[in-house]
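S.K.: Take the given structure of chain B and dock chain V to it, following the hints.
Protein chains: 2
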Amino acid sequence: MTDLTTAERIRGLIRDVPDFPKPGIVFKDLCPVWGSGDAMAELAVAMSAPYDPAGVHALVGIESRGFLVGTAMSMKMGKGLVLVRKKGKLPGTVVSRSYDLEYGQDTLEVQANALRPGMKVVMVDDLLATGGTMKAAMALVESQGAEIIGVSFVVELGFLEGRKALGDTTCYSLVRY
Amino acid sequence: MTDLTTAERIRGLIRDVPDFPKPGIVFKDLCPVWGSGDAMAELAVAMSAPYDPAGVHALVGIESRGFLVGTAMSMKMGKGLVLVRKKGKLPGTVVSRSYDLEYGQDTLEVQANALRPGMKVVMVDDLLATGGTMKAAMALVESQGAEIIGVSFVVELGFLEGRKALGDTTCYSLVRY
Numbered sequence: 331m332t333d334l335t336t337a338e339r340i341r342g343l344i345r346d347v348p349d350f351p352k353p354g355i356v357f358k359d360l361c362p363v364w365g366s367g368d369a370m371a372e373l374a375v376a377m378s379a380p381y382d383p384a385g386v387h388a389l390v391g392i393e394s395r396g397f398l399v400g401t402a403m404s405m406k407m408g409k410g411l412v413l414v415r416k417k418g419k420l421p422g423t424v425v426s427r428s429y430d431l432e433y434g435q436d437t438l439e440v441q442a443n444a445l446r447p448g449m450k451v452v453m454v455d456d457l458l459a460t461g462g463t464m465k466a467a468m469a470l471v472e473s474q475g476a477e478i479i480g481v482s483f484v485v486e487l488g489f490l491e492g493r494k495a496l497g498d499t500t501c502y503s504l505v506r507y
Numbered sequence: 331m332t333d334l335t336t337a338e339r340i341r342g343l344i345r346d347v348p349d350f351p352k353p354g355i356v357f358k359d360l361c362p363v364w365g366s367g368d369a370m371a372e373l374a375v376a377m378s379a380p381y382d383p384a385g386v387h388a389l390v391g392i393e394s395r396g397f398l399v400g401t402a403m404s405m406k407m408g409k410g411l412v413l414v415r416k417k418g419k420l421p422g423t424v425v426s427r428s429y430d431l432e433y434g435q436d437t438l439e440v441q442a443n444a445l446r447p448g449m450k451v452v453m454v455d456d457l458l459a460t461g462g463t464m465k466a467a468m469a470l471v472e473s474q475g476a477e478i479i480g481v482s483f484v485v486e487l488g489f490l491e492g493r494k495a496l497g498d499t500t501c502y503s504l505v506r507y
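Top to bottom, those sequences are chains B and V. Anchor point for the first sequence: position 30 equals 360 in the working numbering, and the numbering is continuous, going up by one each time. Anchor point for the second sequence: position 10 equals 340 in the working numbering, and the numbering is continuous, going up by one each time.
Chain B with its partners taken away, still in its complex shape:
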């Protein structure tokens, strides 16, 4: 390998895709990261590093790219992954939270028995943009009494100031734009 840092190597794999999913948006494509076994191993180490596994009961991953990062951190830290999904995808009794999008609303759900009061969790997704989805996911998790000890992203679009939506919770991102 080279003497690049993990963050630099991951950044080097990310592709800009203009006008996706709609005109004017430059999408950060992380598929080359998921597609590299070496990159995923490094990513799991780097993204788990801020946390002491002894103080974490579970990770919480947001559908569906958060499942990729969440599983990688889960495997590294030896902790389970709780899924936050779009409405109607999770079986059994769920709790829901709706949030506003640019146009309309969306709803996130978590299984009612997945979290317990006092559980310490780390929230995980691939990318922090405006933070709307993560803010709603955090409120959902906190409504179950779980304590969020950190929020982790592979990529942060700093110019969108999504951190402001996340309040005082400690936020980590591997690659910033």
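Some clues are possibly wrong.
When chains are identical, the list treats them as one kind, so a pair holds in a single copy or across two.
[Stated by the list, open to error] Listed next, the in silico DSBU-like pairs over lysine-lysine satisfying Cα-Cα at most 35 Å (straight line):
no.: 1; residue 1: K352; residue 2: K465
no.: 2; residue 1: K450; residue 2: K416
no.: 3; residue 1: K352; residue 2: K494
no.: 4; residue 1: K419; residue 2: K352
Hints in this document: simulated from the structure, not taken from any laboratory.
M.R.: For chain V alone, coordinates are given in the frame of chain B:
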């Protein structure tokens, strides 16, 4: 631990949820598996065991629970994960394949540059039911010249005879019903 096998331990975690996603279906809920760090570590070992990593270039995971299993195997085998997603989710140039559902059609996509002729891949999803989705995903992958050396599931609903849809490709499942 006990002297249960990995398959027995995983089976013990799976929950039956009646009438999901619609009346008459008994859904196999694997959330307790994803939610256990120990189970995921064991699952990754057991599901990777049939394959020699030296003969595998990549794993291919099907949205979205296939991303959980696919990442776990990816981390264990040190191989990248190629995503097969529903229509419109993957950025850049994609290749598509539509397939028939009970009512209507669905379309799967893969990035055009994700696979190359001669690449040896393992297809991964959480559950084999009738095999329709996996059959379409396999055709998509093979249309790019990749060679499928095996197909792996956590759960197989044997009574639905989904293996028949997968042709001669070697198929592994950890837990069978």
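S.K.: Take the hints in turn and mark each one as holding or not.
M.R.: Taking the hints in turn, this is what the structure says about them:
For the homomeric pair K352 and K465, the shortest alpha-carbon distances inside one copy (23 Å) and between copies (30 Å) are both at most 35 Å. When the C-alpha separation of K450 and K416 is checked against a cutoff of 35 Å, the pair qualifies both within a copy, at 23 Å, and between copies, at 33 Å. In this assembly of identical chains, K352 and K494 lie within 35 Å of each other by CA distance solely inside one copy; the values are 25 Å within and 40 Å between copies. Taking CA atoms no more than 35 Å apart as the test, K419 paired with K352 passes in both settings, with 25 Å inside one copy and 12 Å between copies.
In terms of the numbered hints stated before, the structure departs from none.
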